[in-house]
Amino acid sequence: MIGSKILLVDDEIIFTNNMSKLLTSRGYLVTAVNNGESAIRMLEEKDFDVVVLDLKMPGMDGITTLKEIKKLGLFTETLILTGHGSVDTALEAIKIGAYDYLAKPCEIDELVEKIEGAWQQKDADEKKDMQEKIQKVIESPSDAFKLFKKKK
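Under the numbering used here, the final residue of the sequence shown carries the number 181; numbering is consecutive throughout.
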């Protein structure tokens, strides 16, 4: 969706600069960081709709970063975009909770299509969560305040 907030995580600075420009030209709000640790800090501070995550990075690799993102319990979908992938890492990433897995190089239109799908999944998850909270309020009004505490 135009205006979606994208967090781009890749240690290749030239790649992040170029991809940021391409995604920004498509109407996305892009923030780029160059390692997993910075990605986690950024996600703790700001809301993002979709994370585009590389696998092979110094320090915290992409699989570990994905696990940490999932621990945060955010309404954020993660796409893996890597030049160092394999069937095993793709399966592992999907099992952990990645929305999808793309190999570099990929066409910008293909990435945009995946970002749109990830945004739709995020939106559906948020709506489902809200509906469940509303149902619980209807069933037990005394617990209403506990349910609507902000979930990042």
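Please keep in mind that the hints were generated in silico from the structure rather than gathered at the bench. Some clues are possibly wrong.
Said to hold, decoys possible - In silico BS3-like pairs for lysine-lysine, Cα to Cα no more than 25 Å straight-line:
{"hint": "1", "residue 1": "Lys99", "residue 2": "Lys75"}
{"hint": "2", "residue 1": "Lys96", "residue 2": "Lys75"}
{"hint": "3", "residue 1": "Lys133", "residue 2": "Lys156"}
{"hint": "4", "residue 1": "Lys157", "residue 2": "Lys85"}
{"hint": "5", "residue 1": "Lys50", "residue 2": "Lys165"}
{"hint": "6", "residue 1": "Lys157", "residue 2": "Lys133"}
{"hint": "7", "residue 1": "Lys50", "residue 2": "Lys34"}
{"hint": "8", "residue 1": "Lys50", "residue 2": "Lys157"}
{"hint": "9", "residue 1": "Lys75", "residue 2": "Lys151"}
{"hint": "10", "residue 1": "Lys165", "residue 2": "Lys85"}
{"hint": "11", "residue 1": "Lys156", "residue 2": "Lys75"}
{"hint": "12", "residue 1": "Lys85", "residue 2": "Lys96"}
{"hint": "13", "residue 1": "Lys50", "residue 2": "Lys151"}
{"hint": "14", "residue 1": "Lys157", "residue 2": "Lys75"}
{"hint": "15", "residue 1": "Lys85", "residue 2": "Lys99"}
{"hint": "16", "residue 1": "Lys157", "residue 2": "Lys96"}
{"hint": "17", "residue 1": "Lys162", "residue 2": "Lys151"}
{"hint": "18", "residue 1": "Lys100", "residue 2": "Lys162"}
{"hint": "19", "residue 1": "Lys151", "residue 2": "Lys165"}
{"hint": "20", "residue 1": "Lys162", "residue 2": "Lys133"}
{"hint": "21", "residue 1": "Lys165", "residue 2": "Lys124"}
{"hint": "22", "residue 1": "Lys34", "residue 2": "Lys165"}
Said to hold, decoys possible - Between beta-carbon pairs, the in silico distance windows are:
{"hint": "23", "residue 1": "Glu97", "residue 2": "Cys135", "range": "48 to 54 Å"}
{"hint": "24", "residue 1": "Pro87", "residue 2": "Asn46", "range": "15 to 21 Å"}
{"hint": "25", "residue 1": "Lys85", "residue 2": "Gly32", "range": "45 to 51 Å"}
{"hint": "26", "residue 1": "Ser169", "residue 2": "Glu41", "range": "25 to 31 Å"}
{"hint": "27", "residue 1": "Glu97", "residue 2": "Ile167", "range": "45 to 51 Å"}
Glycine included, C-beta positions come from ideal geometry on N, C-alpha and C.
Going down the list of hints, with the structure as the test:
no. : hint                          : in the structure
1   : Lys99 with Lys75              : holds, 15 Å
2   : Lys96 with Lys75              : holds, 18 Å
3   : Lys133 with Lys156            : violated, 32 Å
4   : Lys157 with Lys85             : violated, 33 Å
5   : Lys50 with Lys165             : violated, 44 Å
6   : Lys157 with Lys133            : violated, 33 Å
7   : Lys50 with Lys34              : holds, 14 Å
8   : Lys50 with Lys157             : violated, 33 Å
9   : Lys75 with Lys151             : holds, 16 Å
10  : Lys165 with Lys85             : violated, 42 Å
11  : Lys156 with Lys75             : holds, 20 Å
12  : Lys85 with Lys96              : holds, 14 Å
13  : Lys50 with Lys151             : holds, 24 Å
14  : Lys157 with Lys75             : holds, 22 Å
15  : Lys85 with Lys99              : holds, 18 Å
16  : Lys157 with Lys96             : holds, 23 Å
17  : Lys162 with Lys151            : holds, 17 Å
18  : Lys100 with Lys162            : holds, 21 Å
19  : Lys151 with Lys165            : holds, 21 Å
20  : Lys162 with Lys133            : violated, 40 Å
21  : Lys165 with Lys124            : violated, 29 Å
22  : Lys34 with Lys165             : violated, 30 Å
23  : Glu97 with Cys135: 48 to 54 Å : violated, 24 Å
24  : Pro87 with Asn46: 15 to 21 Å  : holds, 18 Å
25  : Lys85 with Gly32: 45 to 51 Å  : violated, 30 Å
26  : Ser169 with Glu41: 25 to 31 Å : violated, 50 Å
27  : Glu97 with Ile167: 45 to 51 Å : violated, 35 Å
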